[in-house]
Amino acid sequence: MGKRRSLYLSFLLGPGAFWLLMFFVVPSLLVVVYSFMERSSSGGVIWNVSLEAYAKLFTFDPESLFVNDFVVIFLRSFWWAVLTTVACLLIGYPLAFYIAQQKPTARMILLFMVMIPFWTNFLVRTYAWKFILNNNGLINTVLSSLGMQRIPLINTPTAVLIGLVYGSLPFMVLPLYASIEKFDYTLVEAGQDLGANYFRIFTRVFLPLTMPGVAAGCILVFIPAVGQYVVPTILGGGKVAMLGNILAQQFGAALNWPFGSAIAVVFMILLMAGVLIYFAVEREEEAV
Amino acid sequence: MTSTNTTRWLLTFMVSLALALTLTACGGGAAPADDSAAEEAADEAVEEAPGEEVAEENAEEEAADEAPAEEAAATDRCGDPSQLADNLNIFNWADYMDPDILTQFEEECGVPVTQDIYSSNEDLIAKLLAGNSGYDLVFPSDYAVQILISEGLLAELDKSNIPNIENIDPNLMGLYYDPDNMYSVPFQWGTTGLAYNVNEFPDGPPESWAAIFDPDQVCQHSGFVSVLDDERETIGAALLYLGYSYNDTSPEAHQEAEALLKAQKECLASYDSDNFDDTLMAEEIVLAHAWSGAVATARSENENVAYTIPQEGGAIWQDNMTIPVDAPNRYTAEVFINYILDPEIGAQLSNWTYYFTPNKASEPLLDEYYFDLLESGGMLVDDDIRSRLQWIERSEESIIFSDTWTAVKAQ
Numbered sequence: 275m276g277k278r279r280s281l282y283l284s285f286l287l288g289p290g291a292f293w294l295l296m297f298f299v300v301p302s303l304l305v306v307v308y309s310f311m312e313r314s315s316s317g318g319v320i321w322n323v324s325l326e327a328y329a330k331l332f333t334f335d336p337e338s339l340f341v342n343d344f345v346v347i348f349l350r351s352f353w354w355a356v357l358t359t360v361a362c363l364l365i366g367y368p369l370a371f372y373i374a375q376q377k378p379t380a381r382m383i384l385l386f387m388v389m390i391p392f393w394t395n396f397l398v399r400t401y402a403w404k405f406i407l408n409n410n411g412l413i414n415t416v417l418s419s420l421g422m423q424r425i426p427l428i429n430t431p432t433a434v435l436i437g438l439v440y441g442s443l444p445f446m447v448l449p450l451y452a453s454i455e456k457f458d459y460t461l462v463e464a465g466q467d468l469g470a471n472y473f474r475i476f477t478r479v480f481l482p483l484t485m486p487g488v489a490a491g492c493i494l495v496f497i498p499a500v501g502q503y504v505v506p507t508i509l510g511g512g513k514v515a516m517l518g519n520i521l522a523q524q525f526g527a528a529l530n531w532p533f534g535s536a537i538a539v540v541f542m543i544l545l546m547a548g549v550l551i552y553f554a555v556e557r558e559e560e561a562v
Numbered sequence: 020m021t022s023t024n025t026t027r028w029l030l031t032f033m034v035s036l037a038l039a040l041t042l043t044a045c046g047g048g049a050a051p052a053d054d055s056a057a058e059e060a061a062d063e064a065v066e067e068a069p070g071e072e073v074a075e076e077n078a079e080e081e082a083a084d085e086a087p088a089e090e091a092a093a094t095d096r097c098g099d100p101s102q103l104a105d106n107l108n109i110f111n112w113a114d115y116m117d118p119d120i121l122t123q124f125e126e127e128c129g130v131p132v133t134q135d136i137y138s139s140n141e142d143l144i145a146k147l148l149a150g151n152s153g154y155d156l157v158f159p160s161d162y163a164v165q166i167l168i169s170e171g172l173l174a175e176l177d178k179s180n181i182p183n184i185e186n187i188d189p190n191l192m193g194l195y196y197d198p199d200n201m202y203s204v205p206f207q208w209g210t211t212g213l214a215y216n217v218n219e220f221p222d223g224p225p226e227s228w229a230a231i232f233d234p235d236q237v238c239q240h241s242g243f244v245s246v247l248d249d250e251r252e253t254i255g256a257a258l259l260y261l262g263y264s265y266n267d268t269s270p271e272a273h274q275e276a277e278a279l280l281k282a283q284k285e286c287l288a289s290y291d292s293d294n295f296d297d298t299l300m301a302e303e304i305v306l307a308h309a310w311s312g313a314v315a316t317a318r319s320e321n322e323n324v325a326y327t328i329p330q331e332g333g334a335i336w337q338d339n340m341t342i343p344v345d346a347p348n349r350y351t352a353e354v355f356i357n358y359i360l361d362p363e364i365g366a367q368l369s370n371w372t373y374y375f376t377p378n379k380a381s382e383p384l385l386d387e388y389y390f391d392l393l394e395s396g397g398m399l400v401d402d403d404i405r406s407r408l409q410w411i412e413r414s415e416e417s418i419i420f421s422d423t424w425t426a427v428k429a430q
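Here the protein sequences line up with chains U and R, keeping their order.
Sequential numbering from 275 applies to the first sequence in the numbering used here.
Sequential numbering from 20 applies to the second sequence in the numbering used here.
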């Protein structure tokens, strides 16, 4: 009986486990293993165990307060991803709420409008921003024709953030919409009957019940934003590096795979830690 | 509330569609090798736009003089047509191939050519090292040929398929990186120097690399300056300004260069190797670390753009046609190399790229405009300039360039 059961289980779990193994565990392990190898001057790795890559990543100059360039890139990427997520939330929440209030047909049309940009390649849309933000681009042409000072936009962190928010917004709006749309409005009436004002209803009833959407949206926006490559390259002029850029450089032109792998490993650990902390806090809140 | 289910279904569908599309945007691209990251997708997008416009511009003028010659020579220029493949995949620098030549090759020999773009030798090397790139022909510079040979990534050429190799200037054959030209045939050569906008430099060309490396001077044009996104060129030029050689690998020299490049960074608009001709032309950039021919391309559209080799010197380089060892269509690639070395095609190529042709037989066929443009723009190389130019060379120690570059880019 026990044997048959375990056979049955392995039959059911087999394909999934195989998939996870091939497409998640093996590649991740490969990255971890590579990060402990020696670099080969022509790309790839030399199969000798070495801590060279981590040593480079964690070499600090005491004069600069134990902050090296890579720490700066990590912090910058995280900080920009946080800004992007917050901006997307501030724009996306009211938008999703507004869409959810419309009649079904209008809703469909509005959702459709959120989706349509996806039909164009992300790169093309990012290049379009370049034409808007250029020194002689749309915004500056308008400003100068109004007799105002041109403002440097392209190749600045501002441009990168605009591009990040623009690209991530739909990933915030759609999950938010999905959870707002499910909301049962009789709960608002209940709140009113119990004498709560709108602010209180929002913070105590509406927001907690739409929290799954907020969480899903934030994760969908934050994680890709931390590793962004295209936006800082195109709108930042390749000057303001984020994690994605430094990774691409190590695996590409710099041909330092162990170092690239080490960055990726540290990055994965930090992200996983972040997500685990999030779930731990979540569970505690639920328990209360 | 009956529509809720439909809405939700539709939403799920759309989200999955969106995710699928985003994934394709990031990972896909059109390269024949499909291990590509967004990086290549970015490069390809750059490639597509300029390529097509230019095709239209040049189409009429040049097709006219080509037509009669084409029919007469058609068969010899295509080698043995029965051995030609159905297509040819080439991997090239941006704006480095007259699209008309590709069209003509297809019409004449029946082989369509697909071109992808890379922006540094290091990108090319990384791509070929990964294996199965699917490319039949690539265009590495001198020192990169040396690296590719030492890694065993290039195929030996069958010279009997490339009779036009005789047309090449003997001075440009047998250079240090491939002494017997077993693997490489010169494609174009040029120099690396400074491009400037004459309106911003009314007193004449900048005399020193200080214009772009001295923080005070470069910041006078803050936000309107670009340097090449290339570890060997950009660090090399900084080393030159500091009084070292382009190829210096000593840690002290690199520390100084790193500090200089980091200080320069805040006043740069961008690190740019494939778009600076457009930005110079549009005056989005008024001072650029640049390759001679691309600057000439910008000058052909905007006469305010000019070029100079500063007092400290600059780089000279030669790009080459080489065949990856795992190229699927080696014979067709050799036929294409031979086609490029045809006197007329060689002239057509340089008339379009504005770089220098290694092809002696093509020189008399170059347009007068080509020489006028290069002479007035400061791109021609005389003995005085030649004496100040250095080749980029590779040694075991030159890995330090990658480290310095990582540090600069990471800041």
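The hints are simulated quantities; they were obtained by calculation from the structure and are not laboratory data.
Take these hints with a grain of salt, some might be off.
[Stated by the list, open to error] Covered by chain U, per the in silico footprint, the following chain R stretches (three or more residues, Cβ under 8 Å):
id: 1; segment: 144–152
id: 2; segment: 323–332
id: 3; segment: 354–365
[Claimed, not checked] With a Cα cut of at most 25 Å, we get these calculated PhoX-like pairs of lysine-lysine:
id: 4; chain 1: U; residue 1: 404; chain 2: R; residue 2: 379
id: 5; chain 1: R; residue 1: 178; chain 2: R; residue 2: 379
id: 6; chain 1: R; residue 1: 281; chain 2: U; residue 2: 330
id: 7; chain 1: U; residue 1: 330; chain 2: R; residue 2: 284
id: 8; chain 1: U; residue 1: 377; chain 2: U; residue 2: 456
[Stated by the list, open to error] Now the in silico label distances, taken between C-beta atoms and shown as ranges:
id: 9; chain 1: U; residue 1: 303; chain 2: R; residue 2: 195; range: 54 to 62 Å
id: 10; chain 1: R; residue 1: 217; chain 2: U; residue 2: 497; range: 47 to 55 Å
id: 11; chain 1: R; residue 1: 219; chain 2: U; residue 2: 420; range: 55 to 63 Å
id: 12; chain 1: R; residue 1: 321; chain 2: U; residue 2: 556; range: 57 to 65 Å
Note that beta-carbon positions come from the ideal geometry of N, C-alpha and C, so glycine has one too.
Here's how the hints hold up against the structure:
Judged by the Cβ-Cβ criterion of 8 Å, the segment 144–152 of chain R is covered by chain U as claimed, because 4 of its residues qualify and three suffice. Remark: the segment 323–332 of chain R is not confirmed as covered by chain U, as 0 of its residues place a Cβ nearer than 8 Å to a Cβ of that chain, below the required three. Only residues whose C-beta sits within less than 8 Å of a C-beta in chain U count toward coverage, and the segment 354–365 of chain R has 0 of them, not enough to reach three; the restraint is violated. A C-alpha spacing of about 42 Å is found between residue 404 of chain U and residue 379 of chain R, which places the hinted pair above 25 Å, so the restraint is violated.
In summary, the hint linking residue 178 of chain R to residue 379 of chain R is supported, as the alpha carbons are separated by about 18 Å, within the 25 Å threshold. Note on residue 281 of chain R and residue 330 of chain U: the hinted pairing holds, with a Cα-Cα distance of about 19 Å set against a maximum of 25 Å. Straight-line distance between C-alpha atoms of residue 330 of chain U and residue 284 of chain R comes to about 23 Å, which keeps the hinted pair within the 25 Å bound. For the proposed pair residue 377 of chain U and residue 456 of chain U, the alpha carbon gap of about 14 Å is at most 25 Å, so the pair holds.
Checked against the hint of 54 to 62 Å, the pair residue 303 of chain U and residue 195 of chain R fails, with Cβ atoms roughly 43 Å apart. For residue 217 of chain R and residue 497 of chain U, the hinted distance range of 47 to 55 Å is satisfied, since their beta carbons lie about 48 Å from each other. Residue 219 of chain R and residue 420 of chain U have their C-beta atoms about 25 Å apart, which leaves the hinted 55 to 63 Å range violated. Range check, residue 321 of chain R to residue 556 of chain U: Cβ separation about 59 Å, and the 57 to 65 Å hint holds.
Checked against the numbered hints above, the structure violates hints 2, 3, 4, 9 and 11; every other hint is satisfied.
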